[in-house]
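Chain residues, written in single-letter form:
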Amino acid sequence: MYTVSDLRKGLTITIDDEPYIVIAFEFTKPGKGQALYRTRLRNMVNGTIIDRTYRSGDTLEPAALEQRSMQYLYHEGGVYHFMDTQTYEQFGISEEALGDAKNYLIDNLTVDVLFFRGEPIGVNVPNFVNLRVVKSAPWAKGDTSSSDMKTVTVETGYELRVPPFVNEGDLIQIDTRTGTYVTRVKE
Amino acid sequence: MNWRLASRKRALVIRAAVLQAIREFFIARGYLEVETPQRIPAPAPEAHIDAIPADGWFLQTSPELCMKRLLAAGYPRIFQICHCWREGERGSRHIPEFTMLEWYCAGSDYHGLMDECEALIQSVARRMGYGDKLVYQGKEVELSSPWPRLSVEESFSRYAKVSMAQALECDLFDEIMVRDIEPHLGVSQPAFLYDYPATRGALAHLRPDKPSVAERFELYIAGLELANGFSELTDAAEQRARFLRDETYRRSLGKRPYPIPEKFLAELGEMPPSAGIALGIDRLVMLFVDAASIDEVVAFTPEEL
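Order-wise, the sequence lines are chains A and B. According to our numbering, the residues represented by the first sequence are 1 to 187, in order. According to our numbering, the residues represented by the second sequence are 1 to 305, in order.
Simulated from the structure, these hints should not be mistaken for lab results. The model shown is predicted, which means the values in this text are computed figures rather than measured ones. Ideal Cβ positions, reconstructed from N, Cα and C, are used throughout, including at glycine. Wrong hints could be hidden among the right ones.
[Claimed, not checked] Chain B is nowhere near these chain A residues, computed Cβ spacing over 10 Å in every case:
{"id": "1", "residue": "P30"}
{"id": "2", "residue": "K32"}
{"id": "3", "residue": "L36"}
{"id": "4", "residue": "Q67"}
{"id": "5", "residue": "Q71"}
{"id": "6", "residue": "Y74"}
{"id": "7", "residue": "Q86"}
{"id": "8", "residue": "T87"}
{"id": "9", "residue": "E89"}
{"id": "10", "residue": "I106"}
{"id": "11", "residue": "E119"}
{"id": "12", "residue": "N124"}
{"id": "13", "residue": "V134"}
{"id": "14", "residue": "M149"}
{"id": "15", "residue": "G157"}
{"id": "16", "residue": "T176"}
[Claimed, not checked] In the DSSO-like style, the derived pairs of lysine-lysine whose C-alpha atoms are separated by at most 27 Å in a straight line are:
{"id": "17", "chain 1": "A", "residue 1": "K150", "chain 2": "B", "residue 2": "K9"}
{"id": "18", "chain 1": "A", "residue 1": "K150", "chain 2": "A", "residue 2": "K135"}
{"id": "19", "chain 1": "B", "residue 1": "K161", "chain 2": "B", "residue 2": "K210"}
{"id": "20", "chain 1": "A", "residue 1": "K150", "chain 2": "B", "residue 2": "K139"}
{"id": "21", "chain 1": "B", "residue 1": "K9", "chain 2": "B", "residue 2": "K161"}
{"id": "22", "chain 1": "A", "residue 1": "K9", "chain 2": "A", "residue 2": "K150"}
[To be verified] Covered by chain B, according to a simulated footprint, are these stretches of chain A (three or more residues, beta-carbon under 8 Å):
{"id": "23", "region": "17-28"}
{"id": "24", "region": "90-104"}
Use the sequences and the hints to build the structure in full.
Here it is as structure tokens:
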């Protein structure tokens, strides 16, 4: 059983017998009122998005998912293919079902594929991944409107904000729970 | 170099200027700046505010009780800028250690404080060079007077599907406030929401002509809740009854017990009719920096320590 203090992006829970993943989460507290946790949840089977608000003290049931360690192979036509490294069985997962996880899938990455009633419905990626910067927008020093950050593209096509000293070709660490830059990785 | 710290330089420069402008505003109006202890034996037992224990005492959740004792001792116009701590409050607009501006004015009431609050923010904005307009997260907010004032009851009939009374009855007041009402508040102009249900103002005076509501207000700018003020309750017996009721409620939830602040209650009867308000400095700085998160306007977040 989870409590609301366990809530974070990527947590999977059960509502009405179906698995949901937390895709957005915000702590809020109206003046003199009680702490509320506003969440946006995606049904991992049919993709429906719902909003739920929890109060402190509420409990949440973990999603009944089976996990299998698999290797990411390639994607084609909006479907991402994975292989069970033990049985060599292959499975496809749609881009929608992967959500943000698709931003972190590089060839041969080992991930946990999640199964609900025998069907693959999503993946768990590690909390931190290292990805190479393949494109960096020019940055003008003194451009304070952007809080001294610039946008880069990494090898998966994902775009994110990084400090100005990050260059094309650099390897950077990304926190997959927030999608944000952590640090430059020394090679 | 720690790039996260370094990248906050613009925000910290604006923050310092905001603090300076606030001090100038109050000093020009004859207010005395005070400092009261931050570690206290007994915080006000509010239902949903949790204090952090500190060696048998508590870190203050607000300087309210000490400042009111000064008021009772004959300091009629006082302000303080200090750190406050609230356990478990962490989000893009909450941080467990934050900076509060609190001020009290004897002889004033909550409508008088709304006027003063409006003047303060206009004065700070002008000193910061913003004039009468502010752009926050792509939305333009007009700062010139007058700012609309909307009662909580009106806000429910305007933006929610149920009335304030119905929301209270089914214990959904906070949820509806956060989901249906707050996003509409202060969008094109700052807005005051006033006359909260009596149960939502632990230390506020009830309206003599309408005791179901407390003379309490909140200021919203661009959906951000910035300040909470009220006409102060000066009836010590009534205040004790409310503290006992809230403390019983806290204990029923299994929360850490607080002692009753006896010295405060003993002196409360000598406090003149007054009004007091607390304003979140970090959130005010968020507006001027155009920051989406409170993390961008503090030198260090707790996670970085």
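Quick rundown of the hints versus the structure:
no., hint, result
1, P30, "violated, 5 Å"
2, K32, "violated, 5 Å"
3, L36, "violated, 6 Å"
4, Q67, "holds, 28 Å"
5, Q71, "holds, 33 Å"
6, Y74, "holds, 35 Å"
7, Q86, "holds, 38 Å"
8, T87, "holds, 41 Å"
9, E89, "holds, 41 Å"
10, I106, "holds, 25 Å"
11, E119, "holds, 33 Å"
12, N124, "holds, 23 Å"
13, V134, "holds, 21 Å"
14, M149, "violated, 7 Å"
15, G157, "holds, 24 Å"
16, T176, "holds, 17 Å"
17, A:K150 x B:K9, "holds, 16 Å"
18, A:K150 x A:K135, "holds, 11 Å"
19, B:K161 x B:K210, "holds, 24 Å"
20, A:K150 x B:K139, "holds, 22 Å"
21, B:K9 x B:K161, "violated, 44 Å"
22, A:K9 x A:K150, "holds, 24 Å"
23, 17-28, "holds (count 3)"
24, 90-104, "violated (count 0)"
The structure fails hints 1, 2, 3, 14, 21 and 24 (numbered hints given earlier, in ascending order).
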